[in-house]
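Please work from the sequences and hints to get the whole structure.
This is what each chain is made of:
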Amino acid sequence: MIRSLFFTPGKPIRTNISTEEFPRLIRDRKGILWLDFFGEAPENAEPILKSFGFHPLAIDDALQETHASKVDDWGDHLYIVFNILNYKNENGTFESEIDELDVFLGKNFVVTYHDQLLPAIEDAWVACQRDIRHIQDGPDHLLYRIVDALVMSYMPLIDQIDAQVDQIEDQVFDHPRSEVLEQIFGLKRLLLTMRRILLPQREVLNKLSRDDYRVIDPKDRIFFRDIYDHLVRLHDLNENLRDLIGGVLDTYLSVTNNRMNEIMKVLTIITTFFMPITFITGFFGMNFFEPVAHLIGWTSQQAFTVILAIMVGLPILMYFWMRGRTWL
Amino acid sequence: MIRSLFFTPGKPIRTNISTEEFPRLIRDRKGILWLDFFGEAPENAEPILKSFGFHPLAIDDALQETHASKVDDWGDHLYIVFNILNYKNENGTFESEIDELDVFLGKNFVVTYHDQLLPAIEDAWVACQRDIRHIQDGPDHLLYRIVDALVMSYMPLIDQIDAQVDQIEDQVFDHPRSEVLEQIFGLKRLLLTMRRILLPQREVLNKLSRDDYRVIDPKDRIFFRDIYDHLVRLHDLNENLRDLIGGVLDTYLSVTNNRMNEIMKVLTIITTFFMPITFITGFFGMNFFEPVAHLIGWTSQQAFTVILAIMVGLPILMYFWMRGRTWL
Amino acid sequence: MIRSLFFTPGKPIRTNISTEEFPRLIRDRKGILWLDFFGEAPENAEPILKSFGFHPLAIDDALQETHASKVDDWGDHLYIVFNILNYKNENGTFESEIDELDVFLGKNFVVTYHDQLLPAIEDAWVACQRDIRHIQDGPDHLLYRIVDALVMSYMPLIDQIDAQVDQIEDQVFDHPRSEVLEQIFGLKRLLLTMRRILLPQREVLNKLSRDDYRVIDPKDRIFFRDIYDHLVRLHDLNENLRDLIGGVLDTYLSVTNNRMNEIMKVLTIITTFFMPITFITGFFGMNFFEPVAHLIGWTSQQAFTVILAIMVGLPILMYFWMRGRTWL
Amino acid sequence: MIRSLFFTPGKPIRTNISTEEFPRLIRDRKGILWLDFFGEAPENAEPILKSFGFHPLAIDDALQETHASKVDDWGDHLYIVFNILNYKNENGTFESEIDELDVFLGKNFVVTYHDQLLPAIEDAWVACQRDIRHIQDGPDHLLYRIVDALVMSYMPLIDQIDAQVDQIEDQVFDHPRSEVLEQIFGLKRLLLTMRRILLPQREVLNKLSRDDYRVIDPKDRIFFRDIYDHLVRLHDLNENLRDLIGGVLDTYLSVTNNRMNEIMKVLTIITTFFMPITFITGFFGMNFFEPVAHLIGWTSQQAFTVILAIMVGLPILMYFWMRGRTWL
Amino acid sequence: MIRSLFFTPGKPIRTNISTEEFPRLIRDRKGILWLDFFGEAPENAEPILKSFGFHPLAIDDALQETHASKVDDWGDHLYIVFNILNYKNENGTFESEIDELDVFLGKNFVVTYHDQLLPAIEDAWVACQRDIRHIQDGPDHLLYRIVDALVMSYMPLIDQIDAQVDQIEDQVFDHPRSEVLEQIFGLKRLLLTMRRILLPQREVLNKLSRDDYRVIDPKDRIFFRDIYDHLVRLHDLNENLRDLIGGVLDTYLSVTNNRMNEIMKVLTIITTFFMPITFITGFFGMNFFEPVAHLIGWTSQQAFTVILAIMVGLPILMYFWMRGRTWL
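Residue numbers (numbering that gives the first Met the number 0), protein chains in the order written: chain A, 0 to 327; chain B, 0 to 327; chain C, 0 to 327; chain D, 0 to 327; chain E, 0 to 327.
Wrong hints could be hidden among the right ones.
Pairs involving identical chains hold if they fit within one copy or between any two copies, as the list cannot separate such chains.
Stated by the list, open to error - Listed below are the simulated DSS-like cross-link pairs for lysine-lysine, each with C-alpha atoms no more than 25 Å apart in a straight line:
| hint | residue 1 | residue 2 |
| --- | --- | --- |
| 1 | K69 | K49 |
| 2 | K69 | K218 |
| 3 | K49 | K218 |
| 4 | K206 | K218 |
| 5 | K206 | K69 |
| 6 | K10 | K106 |
| 7 | K218 | K29 |
| 8 | K29 | K106 |
| 9 | K87 | K106 |
No wet-lab data here; the hints were simulated from the structure.
This is how it looks when you write it as structure tokens:
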């Protein structure tokens with residue numbers, strides 16, 4: 000789908016402009032053009048992008064999914080790639096994939112190209128149609144609004160992850176179950192993916208807020224700086240969550256290791272208690288003692304008392320020996 | 000609660016100034032105004048902050064809890080965010096949360112905004128009312144006093160953690176109990192949180208002590224430098240404690256692993272001693288040997304002596320075999 | 000094999016030039032010479048390279064396999080080393096080795112030297128013969144085409160590894176088998192080798208796209224910059240895969256550790272259930288109880304009922320005790 | 000204790016100067032004054048230091064133990080903090096604490112402040128009294144002598160640790176005992192403490208040898224550079240020892256893990272050998288076989304031979320099965 | 000041993016020059032002097048070095064073994080320390096120690112000082128005597144030849160280690176034996192020692208190839224640059240081998256851990272199979288069942304059939320239960 004929106008001060012906003020008009024409007028310094036390619040096949044988008052005079056390498060990058068945030072300065076326009084983390088949370092299991100938004104930003108136009116539905120784009124589109132204030136500050140300000148919405152949408156995700164980490168932390172000491180392990184590794188992967196998006200995006204925003212680009216009004220840089228600050232904070236929170244989840248994993252492993260020790264201790268204690276006395280019962284169950292007269296003393300009443308004493312006394316002695324070794 | 004305090008040289012300190020007067024006083028270059036918002040709802044604070052001409056982005060940041068220390072230079076005033084670690088120590092278990100203090104610092108005013116009770120603010124407030132020396136050196140010096148108190152309050156916490164690490168270290172070699180594990184991971188989390196506060200705060204103080212801000216008297220920079228030195232030291236101590244606690248965790252795991260080995264050795268020794276001889280008792284307990292004449296030799300007096308010899312000799316042989324493998 | 004290809008504007012492309020002509024053609028500023036040594040013995044190549052006036056240190060480096068990407072600026076020509084990862088995927092097991100491509104790049108010539116068959120070279124060779132567009136933009140552009148093809152050939156490998164990591168991830172939680180371990184360590188080694196190639200190559204391309212070399216047309220730098228961007232992305236993907244595979248290994252170890260715990264628990268439970276009651280059976284199997292009148296009460300009907308009750312009750316009691324310790 | 004030492008060229012060295020004279024002598028540009036506070040109470044030292052005109056923040060730092068090496072340039076004097084590792088080696092167990100030496104260095108004076116007895120200070124003090132050559136080169140040279148002695152005193156400690164690491168390494172493969180673990184973690188802690196001292200000290204010496212301080216003669220910088228080189232080397236040795244001790248710990252854990260495996264293998268082999276044949280003995284020990292005619296075939300001579308064959312053959316079969324699984 | 004070699008253009012090379020002549024020859028700008036101290040006692044070397052006017056700090060460093068590569072610029076001469084890894088390979092076990100070569104390099108002299116026999120020095124000595132081409136290019140070129148030989152001698156060591164790592168890798172999956180562990184840790188230590196030498200050496204060569212030293216001819220810098228490139232490559236190979244050996248250790252630990260799991264599984268399976276049925280045999284071996292009429296039904300033919308069925312059926316049931324838990 001190709002959508003277009005053209006604003007000239009003092010005139011109503013035009014939409015659904017025909018493809019032929021684009022090259023003219025994009026050179027109309029008085030108006031502001033927003034062109035949005037959404038899920039459009041590359042072969043349809045390419046001729047339009049070429050007619051705008053964008054560099055072939057930039058068009059190539061835009062039409063392919065390249066998944067790496069960057070900003071290229073082509074003088075009269077910027078080519079910017081943003082990545083978007085598209086996630087779903089189903090009963091505590093997160094599924095995520097990385098989408099891409101390509102932007103060509105000029106003095107009086109912004110061209111957005113994306114395959115997936117992006118709420119940030121939709122909201123800005125509707126807002127622009129309803130109220131010219133959203134577009135009259137220029138394409139750079141419009142871009143700021145879109146990217147700000149994109150970035151702020153990670154905040155609830157961070158909160159959800161934070162809550163889940165808290166919940167896992169509580170479980171780990173009380174009932175370390177193997178499902179917890181699956182959740183921990185799921186969160187680790189999600190945070191890794193997120194970090195992969197945040198770091199280069201932060202770099203892009205840093206450039207937009209510091210470098211001197213012809214198409215960005217210097218007094219608008221403060222807004223990109225604001226998004227940069229949010230990205231710094233998101234990255235810090237992400238790093239912090241990664242540290243926390245790493246700590247939770249260590250805790251989990253230590254706690255299960257500990258339980259294992261406890262269990263082995265019990266196994267050893269039980270075996271150590273019963274093996275010797277079971278041997279004694281076996282000894283006196285041998286057929287030597289049964290019919291034969293010459294062994295009669297071994298199965299007398301006195302012998303039985305001694306055996307009973309050993310069977311009771313041995314475990315007691317072993318108990319104190321184990322206490323001495325601080326097993327109990 | 001909105002508190003205010005206005006000092007003009009040669010006049011008594013005014014407090015409880017009405018909201019309407021603020022915009023005038025904040026522009027009065029001769030006096031020094033301290034305005035403190037404590038737990039005040041954002042909707043009450045916003046119009047006042049706006050009437051001072053602060054930048055909307057800075058006001059937004061102040062009214063939201065953003066938890067990331069930074070300093071923004073808006074020319075005629077600085078916007079600074081400080082984080083405060085709020086901790087409770089209950090029987091060796093630390094609970095902590097991160098609070099925030101927002102500061103607008105001008106040539107002749109300081110505006111503080113915070114949700115929680117901060118002893119550093121309270122002490123400075125009382126001191127200013129009692130003695131004009133605390134405020135007459137200007138808002139930057141007043142800020143120095145508040146931040147210095149904030150930062151110094153971490154020192155006792157570091158000492159408490161240090162003492163607890165020492166105590167855990169002693170326990171680990173003598174009685175490695177699983178509660179120790181819980182304490183270790185608790186301290187790790189606390190130190191991680193602390194580090195998260197110290198690092199950006201250090202950066203902020205570094206900027207305050209080095210950069211050339213219009214609202215900070217160059218000769219006062221040495222004081223911010225002093226706080227910066229303290230933060231460097233706190234961060235070093237924190238890193239050191241993190242290293243120590245990491246070492247304690249390694250020790251704990253190694254020691255319990257070692258004990259596990261000891262226990263398994265005992266289990267194996269016991270099993271290896273008794274399994275073969277128990278088998279022998281079982282062998283001679285079989286009904287073959289009982290009534291049947293054709294096996295009578297197997298249960299004779301001589302056979303019994305041989306069996307006894309094996310039952311005594313086998314464990315002795317095994318004992319020496321195990322010594323040869325350096326198990327004992 | 001020594002192949003040569005000489006292009007002069009307006010004339011047909013010459014191939015199979017005799018060795019004697021090289022020194023003259025290489026100085027012919029109007030033409031473009033491409034000389035390709037493929038699997039040629041060093042002793043044959045050396046005199047030719049020397050006749051071109053290349054620095055002896057550079058020729059030494061080219062004739063030996065040195066396996067380290069670098070670019071040396073000798074003023075009128077560049078000496079560049081590229082590494083190529085040569086891999087085979089046999090049923091999920093990757094075998095890889097590092098090949099080398101040495102390039103001497105001048106204003107009007109490019110000399111390539113390699114031991115293995117390189118598809119990127121072959122394709123460029125065929126393309127140049129078919130269509131002069133591939134060579135008329137100068138040797139630097141020709142080099143760009145070759146290196147671009149080299150670098151892009153890693154993309155399918157990355158995709159294969161990615162797919163295999165996904166597949167291993169699924170297996171790990173369901174059936175952690177020891178073959179998985181072999182695959183994990185195989186991929187780790189492959190990614191390590193790949194990283195060793197990508198990092199210095201990236202540095203070389205960075206230099207080619209930024210530094211001011213006499214033999215590279217400044218307006219062609221953007222193409223090397225494009226390859227550099229691809230290498231950055233490949234390196235990011237590699238790092239990401241290394242993180243993922245590291246996570247998979249951690250998962251594998253944690254999951255098998257967990258299973259081990261489960262198994263040990265079962266062993267302990269079985270042993271703890273049966274050891275005590277087996278002892279009781281042994282006790283009443285002793286010959287004390289058989290013929291002798293003075294112990295007749297021990298084997299009465301009542302005693303039997305008590306023993307049966309103990310044999311049934313003890314495991315039940317232990318079951319509840321174990322539940323209390325959250326083993327079950 | 001407050002000690003003083005005053006040198007004027009051509010005159011005998013004066014000691015035990017009265018407190019009142021200090022402010023005059025410290026301003027006497029012709030002489031060189033060394034004032035040493037050793038274990039002196041802060042309340043006694045403070046007025047003297049103040050009378051010299053040192054900055055209150057520097058005096059505060061000197062009177063408190065702050066444990067962080069640094070150098071502050073106050074123009075006409077430097078304030079320098081050195082840390083000293085105070086260690087005792089008792090039968091291979093090291094005990095260590097961090098002491099502090101504060102120095103005020105001027106054009107013609109050096110003031111040292113420390114709580115503990117420092118051999119480096121004592122030696123320099125005695126040497127100065129005996130021979131004016133040690134003081135006539137100026138306070139900066141005197142400081143060099145003291146710090147050089149301080150730093151060189153770590154060398155024997157490094158050697159001791161080195162020897163102990165060697166000794167532990169030998170033990171680990173032969174007799175991995177749990178006392179070794181205690182020694183390893185003790186050394187790790189000691190090296191960590193040492194590192195904490197060396198790193199900031201190195202930074203301080205780097206500054207002294209590079210920066211342009213008014214009170215340090217440029218031609219004396221080479222001496223501080225020499226100490227800096229020693230600190231670089233000490234730090235390298237420390238890092239290397241930390242790597243080695245880390246490797247020893249890994250070795251220890253791997254070796255004990257290995258032994259554990261061996262032991263478990265033996266346990267499993269013994270159990271696997273004897274459990275089945277013990278079951279068979281139990282089977283034929285059941286009372287079914289004893290008096291009852293209908294089972295008489297089960298306890299015949301032939302049956303006994305078969306049973307004996309199984310009891311001998313089963314372990315032999317298992318032995319080969321285990322070899323097939325490469326357990327033996 | 001003190002050896003000397005003096006070259007003046009057009010004259011034969013002089014050797015065995017008397018000690019008294021050195022100070023004169025070292026100032027003879029037309030000749031080139033090489034003085035080699037090999038295993039000479041410091042007390043003999045010191046006066047000679049002093050007579051050359053070298054700085055006392057440099058002489059001190061040369062006479063002591065300091066083991067840290069560095070270059071000190073003393074204007075008319077450089078003082079350079081090189082480290083040499085002296086290794087022996089005995090049946091796959093490497094023994095290594097670090098030797099030292101001290102060099103004083105002037106415009107027309109080079110003084111080498113070393114304790115051990117260094118093949119690189121011997122080869123250069125012999126070559127110089129045989130052919131003046133090796134010395135006529137000046138002392139800096141002579142130094143290049145020596146250091147190049149030193150550095151290239153590590154290449155075969157790297158190859159040996161590489162081969163051994165390959166061999167260990169193969170063993171690890173097939174027969175993880177504890178000797179492998181010893182070899183792994185031996186290689187780790189060797190590579191660590193090597194790295195400790197390579198890193199500072201690389202820094203020294205970097206300085207020699209970049210910095211502007213009075214005693215090094217700018218056009219000779221390219222040669223030191225060549226050695227620097229080799230050191231970079233050696234360091235890369237070393238890092239790579241360290242990564243590989245680290246991976247091999249991880250593999251070893253994972254594989255043995257896996258085998259442990261397998262073994263424990265077998266132990267558990269055996270125990271779980273035989274414990275219950277052995278209990279049953281014990282039960283019916285009790286004396287209750289023997290003579291007493293009131294229990295006669297328990298030992299009937301029917302009972303026996305039921306018991307046999309249980310003894311066969313229970314292991315079969317357990318087998319399927321274990322399969323359900325994916326143990327088998």
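TODO: Run the structure past the numbered hints and jot down the numbers of the failing ones, going up.
DONE: 9
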